[in-house]
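Whenever a hint applies, use it, and build me the whole structure from the sequences.
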Amino acid sequence: MALLELRNVSKIYHLGGEEIRALDDVSLDIGAGEFVSIIGPSGSGKSTLMHILGCLDTPSHGTVTLDGIQVEKASASELARVRNRKIGFVFQFFNLLPKLNVVQNVELPMIYAGVSGSQRREQALQALEMVELGNRLKNRPSQLSGGQQQRVAIARALVNNPRIIFADEPTGNLDTHTGEVILALFRRLSQEGRTVILVTHNPEIAAVTPRRIEIRNGRIAEKVDARLAGLDRLAASATPAAAVAGA
Amino acid sequence: MIILNSIVIGLKEIWAHKVRSLLTMMGIILGVTSLVGMAAIIKGMENGMKEAMIAMGGVDKVLTRDQQVPAWQDHLADQAPGITLVDVHALKRSAPLIRLVSPEMSLDDVTISRGDKRSDYSECVGVWPSVLEMNLHTLEHGRFFNDLDEEQARPVVVIGTGIRDELFGKPSEVGREIVPLGETIQIDGQPFVIVGMFQEYIGEQEAKERARAKLEAAQGTSKAAAGPKRQRGWGRRGGWAFWRKNYTIYMPLNTAWVRFRSAGRGTGIPDPRLTDMDIKVADFGRMEDAIQQARNVMLLTHQGIEDFTFETQENQIENINKQIRNARMSGGFIAGISLLVGGIGIMNIMLASINERVREIGICKAVGATGPNIFLQILIESAVIAVVGGLMGLVVSELFVELIGVLTPSQNTPMITREAEAVAVGFSALVGVIAGILPAIKAARFSPIEALRYE
Ligand SMILES: Nc1ncnc2c1ncn2[C@@H]1O[C@H](COP(=O)(O)OP(=O)(O)OP(=O)(O)O)[C@@H](O)[C@H]1O
Ligand SMILES: [Mg+2]
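So the protein sequences, as listed, match chains W and V.
If you're matching positions, the first sequence starts at 1 in the working numbering and goes up one per residue.
If you're matching positions, the second sequence starts at 1001 in the working numbering and goes up one per residue.
In short, the hints are calculated from the structure, not lab data.
Treat the hints with caution; some may be incorrect.
DSSO-like mimics (lysine-lysine), calculated; alpha carbons at most 30 angstroms apart, straight line [said to hold, decoys possible]:
| hint | chain 1 | residue 1 | chain 2 | residue 2 |
| --- | --- | --- | --- | --- |
| 1 | V | Lys1050 | V | Lys1092 |
| 2 | V | Lys1280 | V | Lys1092 |
| 3 | W | Lys99 | V | Lys1442 |
| 4 | W | Lys99 | V | Lys1018 |
| 5 | V | Lys1442 | W | Lys86 |
| 6 | W | Lys138 | V | Lys1012 |
| 7 | W | Lys99 | V | Lys1012 |
| 8 | V | Lys1050 | V | Lys1208 |
| 9 | V | Lys1322 | V | Lys1280 |
| 10 | V | Lys1018 | W | Lys138 |
| 11 | V | Lys1043 | V | Lys1280 |
| 12 | V | Lys1442 | W | Lys73 |
Structure, rendered in structure tokens:
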């Protein structure tokens, strides 16, 4: 069984009588340790997909399984716990708490995990060392550059040692060079054995990952790297693209 | 952990919006001030009452007073004998429920003098030795009257320290304590020899202050040198009951009668009536019975004319208790309203605050905060605002009570009690928690994804 399994997932919004299918009958597996990018044009449903994969949102139809947990049946608190222990998020707009300093921001997930104060501090420092920000502990987010803020966010995502890291346009607000530094970090995380899922509309960034899932109008048009093409589980995912590839 | 963290966040929120927070806390501050202030005033009243009660002779003392004869006995008014020694003897003989009887003959408007010094105020009374136990006097120097003094109507007096202060000088002014035994003073021009002096009666408050002043003097602090401590109203804050007690001049009852009343001051007719006859009951639990017994005995000696009445200290206590209840009610009412208004203010500000922080709450949820986590967090923040307001209220009430003390000096110096403070802060915390419930529920229910998208 794959780490993440989506079966016939749809997300439908109703806006003034009009029906918006942000996701339309998506089925998808992501295995443990994979480095995946989700790519597609603006409004295609990438973020929606990521939110559902990351237990931030629940589908209108279909089933989602994360590490054996039936997401659509879980309570809000159970999902919070899953996000806390198994998932780390990195957002385009960093999403740090402005009133907390760098260490406190990184400690935040551990507070909800119930980690003791001293251990919290220790783990936060480790995570910050890893993103090379061990020297800016007492700064507020507003006193950091965009790249630094994003590194703090990555440290925060890592600090509870989650199995899966989601990143929604993590380089979208950064210059090319800084973006590359951040991408290198993700590559390293993947090499450490974590499952990393990168959302982007930029093909150059998507090119970094071995597997790319392309989304258009809420449907999957997966472009599969040659060396993964033969895997059974991809044949099993009944997407139109896969069907075409199989034919 | 979350609790501690939420407290810190709550304090930061207050600090981040100082003016807004202060305005929000106004209701709580006011509520706490009125709660603590009112409790302090009541405590002061209680203290004053208790001390005064003891200074005046304790709760088991009953005053017998002259009263107008009832309307249906109007035609007998001329024959009303008034309270006399006949009653005293009758009670002593026939009323076993009465333990102590103390006849008094007050001399109003007498002039107390010694040389060119005079005391403008005095409580000059002719008494029996039973007055000592009746009014809870402590004789510190000399002796009290004996039977010979009484029988021969000797011109002797026992005085309080207030009279000594007026006629011989205060210890604080002359530098040493004068005990004027054997000295002669003039009462309306008649010479009297001082044979005894009572101890100085002071209230608890004053005793404390003096002890402190003494300590400071011993430590050589400069305050003592700055002159006498503030004196207020009735001389000092020890209370009028003590003050009056110190201005006592007792002489034998017979002396008062022979030297001042038998000549019939004013009317020319000798006046055998006592001005007061105080009694003490044998058993406090049988107060009613004792009074009934005394009434029966006295109706006999007064030939059925009810020209007297009894006044227990209990009546007074009841009166004061009623006042205290009223004060408590109105204080509680004001405090209740203020706390309610404060609570609504806090709820309002918390709603505004979570609306400002939708995104932050979304971030917390994204990294793993559960609904109950957020609920608790907001609730604690709300309680923190209230408690900080409550603590500020304590400071304000401290100033308030000090102000009352300065503005209306009296025997009832308001006293802040720890209990009242604890209750007040507890109440503000409660108000904060209750006010926080609605905003907390609202925040807990935010969907993480909508909160993250919120602009
Ligand atoms: N809360 C919502 N209410 C209504 N429509 C929504 C909502 N959230 C998303 N949508 C719609 O769903 C579609 C997919 O949105 P989504 O945010 O997933 O796109 P995206 O691929 O991430 O785009 P971008 O690259 O611009 O971030 C869009 O058409 C969007 O308008
Ligand atoms: Mg998006």
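Here's how the hints hold up against the structure:
Distance restraint check for Lys1050 (chain V) and Lys1092 (chain V): the Cα-Cα separation of roughly 29 angstroms lies within the 30 angstroms cut-off, and the hinted pair is therefore satisfied. The straight-line distance between the Cα atoms of Lys1280 (chain V) and Lys1092 (chain V) is roughly 11 angstroms, inside the 30 angstroms bound, and the hint therefore holds. Distance hint between Lys99 (chain W) and Lys1442 (chain V) is fulfilled; the C-alpha atoms sit about 22 angstroms from each other, no more than 30 angstroms. Distance restraint check for Lys99 (chain W) and Lys1018 (chain V): the Cα-Cα separation of roughly 15 angstroms lies within the 30 angstroms cut-off, and the hinted pair is therefore satisfied.
A hinted pair counts as satisfied when its Cα atoms are at most 30 angstroms apart, and Lys1442 (chain V) with Lys86 (chain W) qualifies at roughly 27 angstroms. With a CA separation close to 16 angstroms, the supplied pair Lys138 (chain W) and Lys1012 (chain V) stays within the 30 angstroms bound. Annotation: proposed proximity of Lys99 (chain W) to Lys1012 (chain V) holds, straight-line Cα distance about 8 angstroms (limit 30 angstroms). Our distance criterion of 30 angstroms between C-alpha atoms is met by Lys1050 (chain V) and Lys1208 (chain V), whose separation comes to about 17 angstroms.
Only pairs whose Cα atoms come within 30 angstroms are accepted, and Lys1322 (chain V) paired with Lys1280 (chain V) is accepted, the gap being roughly 25 angstroms. For a cut-off of 30 angstroms, the pair hint linking Lys1018 (chain V) to Lys138 (chain W) stands: about 23 angstroms separates their Cα positions. Restraint check for Lys1043 (chain V) and Lys1280 (chain V): the C-alpha separation of about 28 angstroms stays at or below 30 angstroms, so the hint holds. Taking the CA atoms of Lys1442 (chain V) and Lys73 (chain W), the gap is about 23 angstroms. The hint holds against a cut of 30 angstroms.
Of the numbered hints stated above, none is contradicted by the structure.
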